[in-house]
Every structure is written in C-alpha cells, then in structure tokens.
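Let's have the full structure, built from the sequences with the hints guiding it.
Protein chains: 2
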Amino acid sequence: MDKGRTEIAELGEFGLIDRLTKDFPVRNAGTVKAAGDDAAVIDAGDRYMLFSSDLMLEGVDFDLVYFPLKHLGYKAVVRGIGDILAMNGLPEQLTVSIGVSAKLSVEDLDELYAGIRGACEDYRVDLVGGDTTASVNGLVIGISVVGFVAKDMITYRSGAKVNDLVCITGDLGAAYMGLHLLEREKRAFAGNDNPQPQFEGYEYILRRQLKPVAPIDAVHSLHSAGIVPTSMIDITDGLASDVLQICKSSDCGVRLYLERIPIARETHRMAEELKADPVVAALNGGDDHELLFTVPVTRQGEIAKIGGIDIIGHITSPLAGARLVTPDGGEISVTAPGFRDR
Amino acid sequence: MDKGRTEIAELGEFGLIDRLTKDFPVRNAGTVKAAGDDAAVIDAGDRYMLFSSDLMLEGVDFDLVYFPLKHLGYKAVVRGIGDILAMNGLPEQLTVSIGVSAKLSVEDLDELYAGIRGACEDYRVDLVGGDTTASVNGLVIGISVVGFVAKDMITYRSGAKVNDLVCITGDLGAAYMGLHLLEREKRAFAGNDNPQPQFEGYEYILRRQLKPVAPIDAVHSLHSAGIVPTSMIDITDGLASDVLQICKSSDCGVRLYLERIPIARETHRMAEELKADPVVAALNGGDDHELLFTVPVTRQGEIAKIGGIDIIGHITSPLAGARLVTPDGGEISVTAPGFRDR
Chain A
1 MDKGRTEIAE
11 LGEFGLIDRL
21 TKDFPVRNAG
31 TVKAAGDDAA
41 VIDAGDRYML
51 FSSDLMLEGV
61 DFDLVYFPLK
71 HLGYKAVVRG
81 IGDILAMNGL
91 PEQLTVSIGV
101 SAKLSVEDLD
111 ELYAGIRGAC
121 EDYRVDLVGG
131 DTTASVNGLV
141 IGISVVGFVA
151 KDMITYRSGA
161 KVNDLVCITG
171 DLGAAYMGLH
181 LLEREKRAFA
191 GNDNPQPQFE
201 GYEYILRRQL
211 KPVAPIDAVH
221 SLHSAGIVPT
231 SMIDITDGLA
241 SDVLQICKSS
251 DCGVRLYLER
261 IPIARETHRM
271 AEELKADPVV
281 AALNGGDDHE
291 LLFTVPVTRQ
301 GEIAKIGGID
311 IIGHITSPLA
321 GARLVTPDGG
331 EISVTAPGFR
341 DR
Chain B
1 MDKGRTEIAE
11 LGEFGLIDRL
21 TKDFPVRNAG
31 TVKAAGDDAA
41 VIDAGDRYML
51 FSSDLMLEGV
61 DFDLVYFPLK
71 HLGYKAVVRG
81 IGDILAMNGL
91 PEQLTVSIGV
101 SAKLSVEDLD
111 ELYAGIRGAC
121 EDYRVDLVGG
131 DTTASVNGLV
141 IGISVVGFVA
151 KDMITYRSGA
161 KVNDLVCITG
171 DLGAAYMGLH
181 LLEREKRAFA
191 GNDNPQPQFE
201 GYEYILRRQL
211 KPVAPIDAVH
221 SLHSAGIVPT
231 SMIDITDGLA
241 SDVLQICKSS
251 DCGVRLYLER
261 IPIARETHRM
271 AEELKADPVV
281 AALNGGDDHE
291 LLFTVPVTRQ
301 GEIAKIGGID
311 IIGHITSPLA
321 GARLVTPDGG
331 EISVTAPGFR
341 DR
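These protein sequences, in sequence, are chains A and B.
For the first sequence, the numbering used here gives the first residue as 1, with consecutive numbering after it.
For the second sequence, the numbering used here gives the first residue as 1, with consecutive numbering after it.
Note that these hints are calculated values from the structure, not bench results.
Mixed in with the good hints, there may be bad ones.
Identical chains blur together in the list; that is why a pair holds if it fits in one copy or across any two.
Stated by the list, open to error - For lysine-lysine, the following DSS-like pairs were computed, each having C-alpha atoms within a straight-line distance of at most 25 Å:
# : residue 1 : residue 2
1 : Lys211    : Lys186
2 : Lys70     : Lys22
3 : Lys22     : Lys211
4 : Lys305    : Lys161
5 : Lys248    : Lys22
Here it is, written out as structure tokens:
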C-alpha cells in the first residue's frame with residue numbers, strides 16, 4: 001500500500017465510524033435521522049420507522065467454548081432490539097444473517113434458532129428474512145431490526161436538558177463480571193484434567209452475560225405512564241461511554257452519584273473475589289443491555305412508581321462536564337476508553 | 001454433541017433455511033410477507049416497506065487478492081438493493097456493518113467506503129447506520145436495505161400465470177466468467193516471478209464481476225410504462241435456480257429458449273478459452289445481479305420498446321415442468337444445484 005497506513009486502533013471505534021460515514025449526504029425525504037443515534041429514523045406515514053443493524057463475530061463478541069448456542073441466539077435478538085427500545089420504540093421485524101463454519105452441525109444451528117425463536121416470542125418480533133452463507137472462519141451473526149414509534153414519542157440522544165433526572169433500568173456491571181467468571185473457568189478447564197466449574201452462587205451474573213433480558217417492560221411502563229424521556233440510549237459500552245454520548249448529543253454535562261448506581265450483590269462479590277472494582281465494571285464493563293434515559297424533574301414521582309428504575313444523577317450545563325460524585329463528596333471526571341468528545 | 005450430527009452440506013442452502021426458519025409465527029399485523037421472497041414486506045401506511053439483509057464474507061464471497069476494496073463496497077450495495085428492485089420497489093436507506101481484521105488499515109476502509117458512497121450516489125440510497133466490530137478472521141460485510149413500493153405495484157415471486165412472458169434484464173454468465181479469469185490470473189501470479197495478468201479484451205466480464213450495475217433503470221422504465229410484472233426475482237444464484245424459484249412460488253412450469261438467453265461476446269470467448277460452456281455459466285454461474293420477471297403476453301410490444309430487456313420464454317402449466325428448448329428443438333430439464341422443489 002502506497003499511501004501510508006493508519007492503524008484502526010489509532011482512531012478508536014467512534015473515530016473510525018465518524019471518519020468512514022462522513023460525506024454521506026441524505027437524499028431521500030423519508031430519512032428523518034441517518035447515523036448518530038441508536039437507530040435510524042424513517043418516515044412511515046403516521047409513525048416513524050426505526051431501523052438498526054448489529055454484527056456479532058465469534059472470537060470477538062462471543063466464545064463458543066462456554067456460550068451455549070441457544071443463549072447466543074437469544075442474546076443476539078436482545079442486542080438488536082435494544083437499539084429500537086432506546087428510541088422509545090417497539091421492535092416488530094428482524095432479519096438474521098449467519099455465516100456458518102463447517103465445524104457447526106445442523107443440530108447446532110437448530111439450537112441457535114431455538115434461542116432466536118424464544119426471543120422473538122418474548123419480545124413479539126417477527127423473523128422476516130436474512131441470509132445464510134458459508135464461513136471459512138468462525139460463526140458470524142448479523143441482526144437487523146425494524147421497529148415503530150408514534151411521531152410525538154420518539155426519543156433521541158439529543159434532548160436532555162439541564163436539571164433533567166438521569167435514570168437507568170436494571171443494574172450494571174453484572175454481565176461483565178459474568179464474563180470474567182466464565183473466562184476464569186475456561187482457563188481453569190484448560191489446565192485441569194478433571195475440571196469442576198465453580199459457578200455456584202453466581203447464577204445471576206452468569207444469566208446477565210448468557211441470557212440478558214431486553215428492557216422492553218420499562219418502555220411499556222413509560223408509555224403507559226405517558227412519560228416521554230427527553231433523551232435515551234442503550235447501555236452497551238458501559239455507563240461512562242453511554243452517558244458521555246448523551247452529553248455530547250445533548251450538549252450538556254452530567255452529575256452522577258456513585259452510591260446510587262445499582263450494582264447487584266453477586267457483582268460485588270465476584271469483583272471482590274477477582275480483586276476487581278465493581279464500579280469500574282458498572283462504568284466501563286459494557287454488555288448491560290439496559291436503558292439510560294433522562295426525564296424532567298417534575299416526573300420524579302411517576303418514575304419512582306414504575307419500579308425497577310433508578311435515578312442516579314441529573315443533567316448539568318455543558319461547562320460543568322461529566323462528573324461522578326463519590327460518597328465522601330469528592331468528584332471524578334467520567335471518561336471512557338475509545339470515546340472522543342467532539 | 002450427543003444428539004447426532006447432520007452436516008450442513010446434506011441439507012443444502014435452501015433446505016437449511018427452510019428448516020431453521022420454520023415455526024416462526026407472524027405476530028405483528030404490519031408484517032405482510034415474512035421470509036420466502038427477495039425482501040420482507042411491511043405495511044407502512046399508504047405504501048409497503050421492503051426490508052432485506054445480505055452478508056458477504058472474505059474467502060467465500062470475495063477474495064481481497066484481486067478484489068479492489070472500492071469495487072467491493074460498490075458491489076455490496078448493488079447486491080443489497082437488488083432484493084428491493086426484485087419486489088418492484090426502489091431502495092431508500094441502508095445500513096452497513098463491518099467486521100474488520102487487523103490486516104486492513106484505515107486507508108483500506110476509506111476505499112471500501114468510497115465504493116459504498118459511489119453506489120449510494122448512483123442509486124440514491126442513504127447510509128443510515130451500521131455496526132463496526134473487530135474481526136479476528138477476515139473482512140465481514142453485512143448490508144441491510146429498506147425500500148418502498150406503492151401497494152398496487154408490489155411484485156412477488158408467486159404471481160406468474162400460464163402464457164406470461166419470461167423476461168430478463170442485461171446478459172448472463174459474464175460475472176461468472178470474469179471470476180474464472182481472475183482466479184486463473186491469481187494462480188498464474190502465484191507461480192510466476194514476473195507476472196503480467198492477461199486481462200486485455202476482457203474488460204466487460206471483469207467489470208461485470210468487479211463492478212456490477214444494479215438494474216434500477218429497468219425498474220424505473222417498467223414504472224414509467226405502467227407495467228407491473230406478475231412475478232420477479234433477483235438473478236443471483238444463476239438463471240436456472242432463480243427461474244425454479246419463480247416456478248415453485250407461482251406453482252407453474254416454464255419453457256425457456258436457449259438461443260434467446262443473452263450471453264455477451266466476451267463471455268463466449270472466455271468460455272471457449274477456458275474450455276467451459278457459456279450456457280452453463282448463464283444457467284448456474286450466478287452473481288449476475290439482473291432481474292428475471294414475467295409479464296402478461298399482451299405487454300410484449302411495450303417490453304420491446306423499453307430496450308435492454310430480453311424475452312427468453314414463457315410460463316407453462318406446472319405439469320409441463322421447467323424445460324430448456326435447444327436450437328435443434330430438443331428439450332432438457334432445468335435443474336440447479338442446491339435447489340429442492342417443494
């Protein structure tokens with residue numbers, strides 16, 4: 001190659017996406033929002049259609065040594081529909097494309113599709129197509145999801161206002177700790193003739209890694225309560241990275257209170273056992289599949305009534321930056337690997 | 001694995017898809033057509049939305065030794081929008097997801113996206129999202145496309161009627177012969193210290209392989225002429241396989257006339273040089289990215305006026321089967337590898 005070589009790692013994921021997708025003008029009147037949010041927004045008459053795609057690769061996004069194919073199929077769907085939920089929409093259709101290596105049998109794929117089928121049932125999504133191709137390398141799973149939302153209920157990352165409350169569904173860091181546990185047992189297995197995986201007492205964090213639940217109930221509850229969040233994002237890269245996305249898109253700062261970040265007991269216990277920091281798992285672990293959103297402070301009482309949603313901070317002016325307040329009143333800056341502001 | 005092992009090759013691609021996607025009930029009223037055609041059909045108010053996904057894997061669908069990344073980006077879009085055109089729709093939005101191996105630089109990806117950008121411009125499609133992930137193996141490209149069609153103009157594979165004319169855009173077998181030429185020169189390159197690729201005089205078949213054109217002009221022409229095909233399919237697996245799909249979906253037979261199948265002069269010449277049969281290339285080669293469609297016999301004059309479209313046969317009763325008539329009046333059965341009727 002003659003024209004110089006820049007390694008992808010130099011740009012980081014967000015920098016790379018920014019570079020590759022610039023200079024793509026929007027040509028169709030129906031394209032309401034192209035790149036830059038959880039899903040694209042397309043005008044579909046009296047509603048908005050939401051459209052999003054994800055790619056999962058063996059050896060990077062999952063390890064078939066410990067990831068049961070049925071769970072993997074389920075998780076791929078959960079991951080796909082999270083992008084629709086994050087726009088305050090509900091998923092309706094999805095395509096699944098797979099690249100299949102010869103090491104997998106038809107029965108293995110039956111398992112994968114049993115998981116996909118289960119998720120389609122749980123979240124009321126229709127499998128409407130896809131592509132099947134041979135892979136000379138590992139398993140590849142591509143998921144594209146279409147969903148819909150009423151036009152006056154669409155929620156972007158960009159609408160957070162000063163004093164809005166910052167809310168999250170579920171708890172954080174558990175999937176990341178579950179992954180660490182699985183990796184530890186895999187290493188133990190590799191060096192042991194008679195392995196006995198030590199999973200007892202860690203069922204919750206394993207489930208969070210292997211069979212996450214999409215927070216569709218929270219979206220239904222918000223709809224029922226008539227609450228339209230001012231901004232929302234799917235927590236997939238970790239709380240830190242995703243709250244910074246909200247700050248960037250909404251041009252605001254944020255104050256999060258460390259002791260309010262919900263972290264499950266098992267997550268704490270596993271972190272202690274592995275000599276890791278559970279707060280780091282919550283901030284940077286990723287794979288949580290929860291929703292981070294903001295609402296006007298006037299909706300505090302209604303949010304509390306819904307249940308399963310925690311208020312962990314509030315939005316500030318952009319000059320105040322993104323700050324995490326520790327229990328002793330100290331403040332630290334929220335940063336995330338790979339994230340570049342502006 | 002305890003429950004027996006069926007190799008994927010035993011089922012074939014179509015058999016595998018049928019097995020994996022059965023037992024997926026349709027739950028949403030908006031899902032007009034799920035799997036089984038070129039694209040899914042979703043109700044979008046006064047129009048139908050079309051939705052389709054494709055996956056292309058390095059080492060299977062393309063070889064980076066001779067496939068320039070810019071052309072690859074262009075071709076990936078062409079392949080994606082072919083599914084929308086085949087429903088008589090026009091593409092509007094697409095997502096591109098890539099799995100990137102470390103051997104590729106940022107400049108390489110710039111090339112890939114330059115090709116994607118060129119195709120988005122040529123076909124008036126908006127890039128609206130996607131996913132970027134690291135790949136420990138080769139390059140992975142996932143394309144999902146959304147398009148629209150007026151409700152009274154949608155065309156399925158299933159509407160062909162006895163006596164309808166069978167039409168195709170462009171010519172067939174050229175991309176397949178271009179691929180063979182590229183593979184031959186790659187082998188020559190591997191065994192030669194001072195290689196001089198022998199591409200002269202074969203520019204057309206190379207272009208058909210490396211930078212195919214989506215038949216969007218034909219769809220515009222049909223729209224302008226007020227002709228709604230009774231059935232249509234994207235020719236990607238070869239004429240034989242794709243005409244059999246029409247026969248299966250429409251429950252009909254077909255009579256194709258061998259001497260009417262358009263095959264370019266370069267395709268003939270390359271086939272001769274490689275001691276291959278150009279008709280086999282047209283029937284089973286694949287990668288043509290043309291449209292195969294049927295129209296009532298009353299539209300023959302209008303079709304002739306459009307130009308660039310050949311009438312290669314007509315639809316018959318299902319009992320007559322799928323037959324290819326040779327110039328001497330002989331008949332052979334149309335078959336395709338991997339295709340299972342009913």
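task = Using 25 Å as the alpha carbon limit, work out where Lys211 and Lys186 are close: within a copy, between copies, both or neither.
result = within (18 Å within a copy, 46 Å between copies)
Status of Lys161 relative to Lys305 across identical chains (alpha carbons, at most 25 Å) = Within one copy, since 22 Å is at most 25 Å while 60 Å is not.
inquiry  = Cα distance capped at 25 Å. Does Lys70 pair with Lys22 within a copy, between copies, both, or neither?
reply    = So Lys70 and Lys22 pass the 25 Å test across copies only (16 Å; inside, 38 Å).
query = For Lys248 vs Lys22, is the C-alpha pair at or below 25 Å within one copy, between two copies, both, or neither?
reply = So Lys248 and Lys22 pass the 25 Å test inside one copy only (17 Å; across, 44 Å).
task = At 25 Å max between alpha carbons, let me know whether Lys22 reaches Lys211 within a copy, between copies, both or neither.
result = This pair counts as between: shortest inter-copy Cα distance 23 Å, intra-copy 36 Å.
Hint violations for this structure: none, all hints satisfied.
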